[in-house]
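Residue strings, one per chain:
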Amino acid sequence: MSKLFTGAEIVFKCLEDQKVEYIFGYPGGAVLPIYDELKNHSSIKHILVRHEQGAGHAAEGYARSSGKPGVVLVTSGPGATNVVTALTDAYMDSVPLVCISGQVPTHLIGTDAFQECDTTGITRPCTKHNWLVKDVKDLSKIIHEAFRVATTGRPGPVLVDIPKDIQFAKVSYSKPKIEKKSNGKLHNKFIQNDIDELINLISKAKKPVIYTGGGVINSGPKASETLREFVRLIGFPITSTLQGLGAFPGDDNQFIGMLGMHGTYEANNAMHDCDLLINIGARFDDRITGKIDEFSPKSKKVHIDIDPSSINKIIKVDLAIVGDVNEVLKTVIKKINKKHNGFKASNKQNTSKWWEQIQKWRTKDSLGFINSEETIKPQHAVQRLYELTKDQDTFITTEVGQHQMWAAQHYKFNKPNRWMTSGGLGTMGYGLPAAVGVQIAHPDKLVIDIAGEASVLMTMQEMSTAVQYSLPIKIFILNNQYMGMVRQWQELLHEKNYSESYTEALPDFVKLAEAYGCKGIKAVNPDELDTKIKEMVDYDGPVIFDCQVDPNENCFPMIPSGKPHNQMILGPNDEKEKKITGKGKTLV
Amino acid sequence: MANPKSAYSIPTKKGKSDTHIFVVWVDNEAGVLARVVGLFSGRGYNIESLAVAEVDQTKNISRITIVTTGTPQVIDQIKLQLKKLVPVHKVADFKREDKKVIFKEMALLKVVGNKKKIEKCIKICKSFNPVILDKSKLSVVIQITALRREIDKMSKKLKPLGLISASRTGAIAMTRGAEIFK
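For the protein sequence lines, the chains are A and B, in the order given.
In terms of my numbering, the first sequence opens at residue 1 and continues consecutively.
In terms of my numbering, the second sequence opens at residue 1001 and continues consecutively.
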């Protein structure tokens, strides 16, 4: 008879077979057997967080920056409910997470036992799938299945709920059959005709634009390389969603900036006026489309996505290609090179007028702002941070709000997996724990959380985690004392009634840093900014940087609610030129 | 609305809604119905009726039949979202007007009244395969199988004749002819 293992041992055997190196977690009554087993498995390191939400976001940061699934371990009841925000966040942004939660013993389920909650019930709508393990014989099968579900197709979070008696129960273990890497082929449902049709549309387009999203990042670093080859081959302008930044170099001339609510003038106008729109791994989110009826009215639309349910969900498309981005693009490139002689000059002629138009839009300099010598402008702070860190391989996380948009607009990403931000759910408090996870995955790299002072206070406790594991994360707070994005909306839509968006009694961030045992730096004047940023970057250890910025700055450009892409509000530069009359601030 | 005070866009025009019948083959496991039903409630789709039962004991497969209404785009979404659920094997969707598919609902009707009224009730039910499941001096329980709207009509007709209780299943569906849905 084969050797018997406890459920807790099985959990670790599965994690080992899945080549898991790090678990982010927090112990508690219902997972104690698993925690007891931890000491016998030296290849797996546990990172103790300070709150389960932090564990979830840290695992997200780990997963997004490394391409490997993040693993979370929490206890029953409050442990599980605390991780729900992170699971929902991962679900919205397609991040592969495997969450293992403890549960009260099987015979107590349904009795309102201490720290009991219906974990699988609560997490059902925010996971790709979840399991309650009722028999230890199913445990290993379920955990391996959980990893498979989390990492294949459109990635996402899964949860395995393990009652305490199952963790003690004994069973034999057999290694999983190593499945041949299918390379997502299982999800490729396109046929050659689709590819031919796409190439046909490409060859005819006069005003094309490529719109890429997080799907390119999720398809792996190779997909970004393939995308670059594809875009250079056909010479089209390319814009990206918030999640797709980094797939194509941000400083490349063909890149026309981020699109959407706070996207560039050229990107949004190109989306509106184009005659061919190629969506690669994005999902027509409402922050991107603006008013649906008037979204890109004159274009043929192509959508390449691994998730069939993303196609025609919001915007009806003319050509749908269901498949892995990398596979689809590789097939297209091959065909173009073989049959069409790489398009050579023909495409450039077709689109030369379009490029002229884009150059005209570019001269608007929609990301411009009026800099100041007295106060630090937040955009200026991000630009300086970029200039002073662009020479090294820097990983950026963010919280949610104005600072997030300024980071997306002014920090230029040249590689995939370097940009971790909560886009779908918009979770304030994401960035700090995510930075912890990123630093775990990349111990020698520079990891910066571009934060807002309100967001960062939501998960500030994780500084303690960073200090415990000597993670030199840099928390760069654009401190404007307001929930800036809330304040901006109140200014634009609610007659400047700044209801509850100002934070009184903010902590002294320098002292707070010192209390956690890390370094605190404060910058107030534009003159001192560069030196202080350098001081932060050079410091070997975690830093909280309190960058006191102009509290009244708004994030522009902006598509107001319910408006199409070509009616953007531009920034104060535009006001200064007194161009805006009559119709108010909207530009047509 | 010129200036909607919202960070979201205003709703756009809705297309015409149609009634569709979804047939979903799922693993018969704990929570699977909650997953399917939760998908509908969570995404704001409505359920007109629902019928579930295990249909294959060896393969452990249940068949869920859901009647719903929606625009073509919504119907498409429902289908694709259902297919994404891990325990779902296949999803079929039929328009209610589809002539190639049989839809049936069953109803149990209890009528209390004198002999004359009961006789009249049974007569009215004649075209819907009535089966008398129980009969006493004062009452009768009739089983009928019919379309939803036919049962609606029957209920209305039988009310004045002493219908005091009606129990109905959701619709179930089967394609006509030798083919099965793959």
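If you are wondering where the hints come from, they were derived from the structure by calculation, not from laboratory data.
Keep in mind that the hints are not guaranteed to be accurate.
Calculated cross-link-like contacts (lysine to any residue; reagent style SDA-like; alpha-carbon spacing at most 20 Å) [unchecked claim]:
| # | chain 1 | residue 1 | chain 2 | residue 2 |
| --- | --- | --- | --- | --- |
| 1 | A | K316 | B | G1015 |
| 2 | A | K313 | B | S1136 |
| 3 | B | K1084 | A | F190 |
| 4 | B | K1083 | A | N312 |
| 5 | B | K1157 | B | L1138 |
| 6 | A | K189 | B | S1136 |
| 7 | A | K313 | A | L425 |
| 8 | A | K316 | B | D1027 |
| 9 | B | K1116 | B | K1157 |
| 10 | A | K134 | B | A1030 |
| 11 | A | K291 | B | G1015 |
| 12 | B | K1084 | A | I142 |
| 13 | A | K313 | B | N1028 |
| 14 | B | K1083 | A | K134 |
| 15 | A | K339 | A | I142 |
| 16 | B | K1115 | B | K1083 |
| 17 | B | K1084 | A | G121 |
| 18 | A | K134 | B | P1087 |
| 19 | B | K1079 | A | N188 |
| 20 | A | K134 | B | N1028 |
| 21 | B | K1016 | A | R232 |
| 22 | A | K175 | A | V20 |
| 23 | A | K300 | A | H187 |
| 24 | A | K134 | B | D1027 |
| 25 | B | K1014 | A | V317 |
| 26 | A | K189 | B | K1083 |
| 27 | B | K1016 | A | D293 |
| 28 | A | K189 | B | L1085 |
| 29 | B | K1090 | A | H187 |
| 30 | A | K313 | B | G1070 |
| 31 | A | K204 | A | R232 |
| 32 | A | K141 | B | K1157 |
| 33 | B | K1083 | A | N188 |
| 34 | A | K313 | B | L1138 |
Covered stretches of chain B (chain A as the covering partner; in silico rule of three or more C-beta atoms under 8 Å from a C-beta of chain A) [what the hints assert, rightly or not]:
| # | stretch |
| --- | --- |
| 35 | 1072-1086 |
| 36 | 1132-1142 |
Ideal Cβ positions, reconstructed from N, Cα and C, are used throughout, including at glycine.
Has the given pair, K1083/B with K134/A, been kept, meaning a C-alpha gap of at most 20 Å? Judged against 20 Å, a Cα distance of about 26 Å means the pair is violated.
Need the status of pair K1084/B, G121/A: alpha-carbon distance at most 20 Å? 18 Å, holds
Hey, K1090/B versus H187/A, does the alpha-carbon distance stay inside 20 Å? Cα-Cα ~16 Å, so holds.
Are the Cα atoms of K313/A and L1138/B separated by 20 Å or less? Distance ~56 Å between K313/A and L1138/B Cα, so the pair is violated.
Mind taking a look at whether chain A covers the stretch 1132-1142 of chain B? Criterion is 3 or more residues with CB to CB distance under 8 Å. violated (count 0)
Given hint D293/A paired with K1016/B - CA-CA distance at most 20 Å: Judged against 20 Å, a Cα distance of about 16 Å means the pair holds.
Taken at face value, is the distance from the CA of S1136/B to the CA of K313/A at most 20 Å? The given pair, whose Cα atoms are some 56 Å apart, is violated under the 20 Å limit.
Pair hint K313/A and G1070/B, alpha-carbon separation not exceeding 20 Å: The given pair, whose Cα atoms are some 13 Å apart, holds under the 20 Å limit.
Given the hinted pair K313/A and N1028/B, is their Cα-Cα distance within 20 Å? Violated. K313/A to N1028/B sits at ~29 Å, over the 20 Å cutoff.
Run the distance test for K313/A versus L425/A: straight-line Cα separation, threshold 20 Å. 18 Å, holds
Quick one, are K1014/B and V317/A close enough, alpha carbons at most 20 Å? 17 Å, holds
Within 20 Å, alpha carbon to alpha carbon, are K291/A and G1015/B? 17 Å, holds
Violated hints for the displayed structure, listed by number in ascending order: 2, 6, 8, 13, 14, 15, 16, 21, 23, 32, 34, 36.
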